[in-house]
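Undergrad: Each chain is listed here by its residues.
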Amino acid sequence: MRHLAAILLALALALVACGGDEPAAPGSGASNLQLAGDALCQAESFAAQGDITGAKDMFANAHPALHDLAAQLEERDRDLAAQLLQAKQAVEEILAAPTEPAVVSARLAEIRGVFESGAALLGTPVTGCTL
Amino acid sequence: MSRRLLGLAVLVALLPACGKGEGTPPEDGARGRGLVAQVASYETLAGRDNRVIVGLLTEDNLFVSGGAVRFRFSFLGQEGAAPEPGPEAEATFLPIAEPGSPPPPATVTVGPASIGRGVYSANGVRFDRAGVWQVEVEAAVGEGDVRRATSAFTVLEEPIVPAPGEKAPRTKNLTLESADAPPGAIDSRATASLAEVPDPVLHRATIAGAIKAGRPSLVVFATPVYCISRFCGPVTDMVAGLAQEYADRAEFIHVEIWRDFQGKVINKAAAEWLLHGEDLTEPWVFLIDGDGTILERWDNVATPEEIRPHLERLPAGG
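Sequence lines, in order, name chains A and S. Counting in the numbering used here, the first sequence runs from 1144 upward without gaps. Counting in the numbering used here, the second sequence runs from 5 upward without gaps.
Derived from the structure by calculation, the hints contain no laboratory data. A few of these clues could be false.
Listed below are the simulated DMTMM-like cross-link pairs for lysine to aspartate or glutamate, each with C-alpha atoms no more than 25 Å apart in a straight line [stated by the list, open to error]: (1) S:K268 x S:E47; (2) S:K268 x A:D1222; (3) S:K268 x A:E1218.
Here are the in silico distance ranges between beta carbons for each label pair [what the hints assert, rightly or not]: (4) A:T1270 x S:P106: 26 to 32 Å; (5) A:G1266 x S:G51: 43 to 49 Å; (6) S:E162 x A:V1246: 48 to 54 Å; (7) S:G281 x A:R1219: 18 to 24 Å; (8) S:G321 x A:V1246: 40 to 46 Å; (9) A:G1266 x S:P89: 16 to 22 Å.
Note that CB positions come from ideal geometry on N, CA and C, so glycine has one too.
Start from the sequences and build out the full structure, keeping to the hints where you can.
TA: In structure tokens:
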């Protein structure tokens, strides 16, 4: 049920995020980053509750934006791009062989921190976890 | 490719690649329902069979996955000229499967990445000339809901990256025996969170060594950590899985792209195959026979289902 809830939430977030006058272009724009930031928050929340499947789904939904952000950061701050991609790899490894939910949640918190730093550097800050 | 053609290609590529239903702006209530197509193939060639892969998203960033769609190609030619119809093909969905991810939907479905992420692929597409081409993708998303999108791309006269039929460069890539190489230069995962180079089965042989031994090889050029394409997937893991299945048929080799990502230093082996000017595309997977001839290659997205039949044709014990 949580799996379904995660998907429905992602769909709802996607629709809300594109409610402006102009449709958002995929792979760009503040709304995409905010959407991904929200997905990371949800992943962290699911992991903290011990719902690793829900965490995986929400992390998967954030995945494309992580690559997009890293691509944009490459020329601006290569160290930060590397940090983001290394944090992504660390999350993927721990989600593939999950350990304690608190550890998974901590890894997700780490990547969210790097993600928010990167988004801010590009002038498109995302709000923290409010969901 | 001539400078003029290159300029036209750049111009076309910069044009909006999205389509909105029947090519008209979305009406109220339909906002975000249009499709955006992105050609994910790195290199398409004139006069040869091509595998063309295209990613599909909605304007509101949801992924289109599952089922099959229609590709219609047209030659754009010179600026201002009317497009000339070209080949058509059915394209099936190739999932970018993370471990434990569900199978893709059976029919064309719109949803978040957790439902399905991947590209649509058509094989055997032949373009009769080099130049700027366009693909129109037609997808039936539910009953009576046919959506279309277009994307332009360049067809080359000759390959830039080593292609089937050519001799493979006798490259001495880094291995676990390369004492002067930092672990992260052998596999970027060793710099991220792993203390040791993972998948040793992929890091024990060189391309040059396999050819010298007369042994076929499946070689993946990829950076598992530092990939920045939205179509990135666990292609190195996938090849490691094939190495377990087909150890008796070929050598399996991973070539890491970066010697030092932060310092922008590319591994020499990756550069020999993939670097042209300042451009490098990855990932690529190459199948090389025991004589050193490239048999097949897959760019950007590769699946075990595509590669297995080629490995099956290699002699066991080879």
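Undergrad: Please go over all the hints and tell whether each is borne out by the structure.
TA: Right, here's what the structure says about each hint:
For the hint linking K268 (chain S) to E47 (chain S), the alpha-carbon distance of about 24 Å falls within 25 Å, and the restraint holds. A hinted pair counts as satisfied when its Cα atoms are at most 25 Å apart, and K268 (chain S) with D1222 (chain A) qualifies at roughly 11 Å. Restraint check for K268 (chain S) and E1218 (chain A): satisfied, since their Cα atoms lie roughly 11 Å apart, inside the 25 Å limit. For T1270 (chain A) and P106 (chain S), the Cβ-Cβ distance of about 31 Å falls inside the hinted range of 26 to 32 Å, so the restraint holds.
Against the hinted window of 43 to 49 Å, the Cβ-Cβ separation of G1266 (chain A) and G51 (chain S) comes to about 46 Å, which satisfies the hint. Checked against the hint of 48 to 54 Å, the pair E162 (chain S) and V1246 (chain A) passes, with Cβ atoms roughly 51 Å apart. Restraint check, G281 (chain S) to R1219 (chain A): a C-beta distance of roughly 22 Å satisfies the suggested window 18 to 24 Å. Our hint of 40 to 46 Å for G321 (chain S) and V1246 (chain A) holds, since their Cβ atoms are close to 44 Å apart.
At about 44 Å, the beta-carbon gap between G1266 (chain A) and P89 (chain S) misses the expected band of 16 to 22 Å.
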